[in-house]
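Protein chains: 2
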Amino acid sequence: MKTLTVNLGERSYPIYIGSRILESDELLARHLTSSQVMVITNETVAPLYLERVKQRLTGKETAEVILPDGESYKSIESAMIIFDRLLAGKISRDASLIALGGGVIGDLVGFTAACYQRGVPFIQIPTTLLAQVDSSVGGKTAVNHPRGKNMIGAFYQPQCVLADTSTLDTLADRELSAGLAEVIKYGLIRDLEFFEWLEANLERLLARDAEALAYAIERSCLNKAEVVAEDERESGLRAILNLGHTFGHAIETGMGYGTYLHGEAVAIGICQAADLSRRLGWLDADSVERIVSLLARARLPVTPPTDLDADRYLDLMAVDKKNVAGKLRMILLERIGRATLPMAVDPELLRATLNEYGRR
Amino acid sequence: MKTLTVNLGERSYPIYIGSRILESDELLARHLTSSQVMVITNETVAPLYLERVKQRLTGKETAEVILPDGESYKSIESAMIIFDRLLAGKISRDASLIALGGGVIGDLVGFTAACYQRGVPFIQIPTTLLAQVDSSVGGKTAVNHPRGKNMIGAFYQPQCVLADTSTLDTLADRELSAGLAEVIKYGLIRDLEFFEWLEANLERLLARDAEALAYAIERSCLNKAEVVAEDERESGLRAILNLGHTFGHAIETGMGYGTYLHGEAVAIGICQAADLSRRLGWLDADSVERIVSLLARARLPVTPPTDLDADRYLDLMAVDKKNVAGKLRMILLERIGRATLPMAVDPELLRATLNEYGRR
Chain A
1 MKTLTVNLGE RSYPIYIGSR ILESDELLAR HLTSSQVMVI TNETVAPLYL
51 ERVKQRLTGK ETAEVILPDG ESYKSIESAM IIFDRLLAGK ISRDASLIAL
101 GGGVIGDLVG FTAACYQRGV PFIQIPTTLL AQVDSSVGGK TAVNHPRGKN
151 MIGAFYQPQC VLADTSTLDT LADRELSAGL AEVIKYGLIR DLEFFEWLEA
201 NLERLLARDA EALAYAIERS CLNKAEVVAE DERESGLRAI LNLGHTFGHA
251 IETGMGYGTY LHGEAVAIGI CQAADLSRRL GWLDADSVER IVSLLARARL
301 PVTPPTDLDA DRYLDLMAVD KKNVAGKLRM ILLERIGRAT LPMAVDPELL
351 RATLNEYGRR
Chain B
1 MKTLTVNLGE RSYPIYIGSR ILESDELLAR HLTSSQVMVI TNETVAPLYL
51 ERVKQRLTGK ETAEVILPDG ESYKSIESAM IIFDRLLAGK ISRDASLIAL
101 GGGVIGDLVG FTAACYQRGV PFIQIPTTLL AQVDSSVGGK TAVNHPRGKN
151 MIGAFYQPQC VLADTSTLDT LADRELSAGL AEVIKYGLIR DLEFFEWLEA
201 NLERLLARDA EALAYAIERS CLNKAEVVAE DERESGLRAI LNLGHTFGHA
251 IETGMGYGTY LHGEAVAIGI CQAADLSRRL GWLDADSVER IVSLLARARL
301 PVTPPTDLDA DRYLDLMAVD KKNVAGKLRM ILLERIGRAT LPMAVDPELL
351 RATLNEYGRR
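Residue numbers (UniProt numbering), protein chains in the order written: chain A, 1 to 360; chain B, 1 to 360.
Among the clues, some could well be false.
Because identical chains share one entry, a pair is satisfied inside a single copy or across any pair of copies.
[Unchecked claim] 27 Å max Cα-Cα, derived DSS-like pairs, lysine-lysine:
hint	residue 1	residue 2
1	K90	K2
2	K90	K327
3	K322	K90
4	K54	K90
5	K60	K90
Just so you know, these hints were derived from the structure itself, not from any lab.
Model the full assembly from the supplied sequences, consistent with the hints where possible.
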């Protein structure tokens, strides 16, 4: 087992990464101080891992909520279901919540924990690659609003993250690929060596080689932990973690939550961001090709949906959180391994990317 | 004009108290750094003060939301209306929200500001006595859940508090009295001298003597600011601000939000807490009588509603935020001017208070 630390002063916490660490009685107990615990998961994950987690909770007063699976349940309505169950169970402010599932469960439970009685402790047990490498680390919690992804949320850190890599054995191929989009993102924004390792080892990851997956998860978390430690509340640097997300969120909101997996929408968005970076004269055509090619090898979509035209994209991107005073901002690439957040994007070049990249 | 400071490190902020300070162009401008502003108020306050505030916002891109008046609108549904208007107006993360109204508006807007895009700045302009002396100061924000008061919320500090005492000229008598419940509370929990001043000057406050009101507001805010500076997130001391609130919240939830004003429910709750403190041998009967008498002189209710019996009270109090691991906790009085939070309350004595105090 590897242990990384997210360094945030009094809000610091460990990320445990390893195979079958959910079978350890000691790990979870170390971070559960209260006698009341609520586990929140979904209908896909519950039959696979809920009992295993509950076996670690003997002696605690335990409640559980099992939600339907899918991005459309990352909503204020789901949060209200959890609040209702917490209050009906008279669960007090010293209780702990456990998020058992992918990014939707983690973001939703984190937000619920941030707001319940103005804040209760929570633990992340991510069971998808995407959640293990990205959403469970760093304290960004949120639910979606019909007008925009992650628009209602909080910065709220967990007590610990428990990433059991053996849970990926049961992950659908499509979910594995979606996670790889965020893994590739870390290489692109700040870790050229990792990007090159991914180019050399992608097939091992797709074949679920345990050693390769563990390495990719650890290196991704290390990158994320370093960025988050420098800029917890995204006043600057942290925004680079959003490469591809401005386009990607527009795709997710515009096509309806759940049509594309988050990682799939991000993959398309990374391609569009690379194309725009090329139009700005930063990336050369070969680099764009390398990026698109690696994402395609990871079995991710690399062309935007035909249903969204440029005007609709621009309308959806106008509510992005990075925008300042009406100016559209997004993360772009200076080169592979180095991201940047320009103060404003030339609207004509952006429109050219939206009209031309991946369209025929 | 008086300026107090709530000392919370990088989250410190000023409270401005004075007559007609809403007519100053400079004060609000000092704390509004962004070009986008949304003012949220209610149907009672809007005709009185909305234009006055908007006159201070010339040159800004300004939006407004006017909600119905009343505690029943301190809800997740109201928060969703505000989120929807913010997103429809493409209002970005650097915008400011302004809460113009009483405690319901202040708590609701504070919570909305805490969650919108994971946090935007906000300013409190309290227009009721209760909001000026209590709810606008200290960063406790929340909405109610049908099962409990303030159960969904955040600790989130404003940029400043602007308490214009002249807005109290238009306040209903009943609202003025409700505010006095919280004013009297400060004397009871930590300021005997202030309690004695209130005994001597209550009629001046009821007659809306401007000088007396300004003094009572300033002294209340000073007490609150000191407590909050010592314990922002209520890990200990801050709980004393909740004298009477465990009983009071049960009354509000049990009778339906809006039947009693918050201050009215707190007044009854303070009497019950005093009665229970007497049963514990801390307060003598004369002190209880002084407390009940001052609240009654302030034209506040001092006997509990006949509709709530002891079992219902106990059920409602079981979700109080101060409870730990199933043990009921509440603020009591050692003497006038000194509050305490015992680790647990003797259930028999509590039941005696619920069955006997104010019942015939």
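Quick rundown of the hints versus the structure:
1. K90 to K2: neither (37 Å within a copy, 43 Å between copies)
2. K90 to K327: Between copies only: 11 Å across, 46 Å inside.
3. K322 to K90: Answer is between; shortest inter-copy Cα gap is 12 Å, intra-copy 39 Å.
4. K54 to K90: Result: close within a single copy only, 20 Å intra versus 44 Å inter.
5. K60 to K90: Within one copy only: 15 Å inside a chain, 46 Å across chains, cut-off 27 Å.
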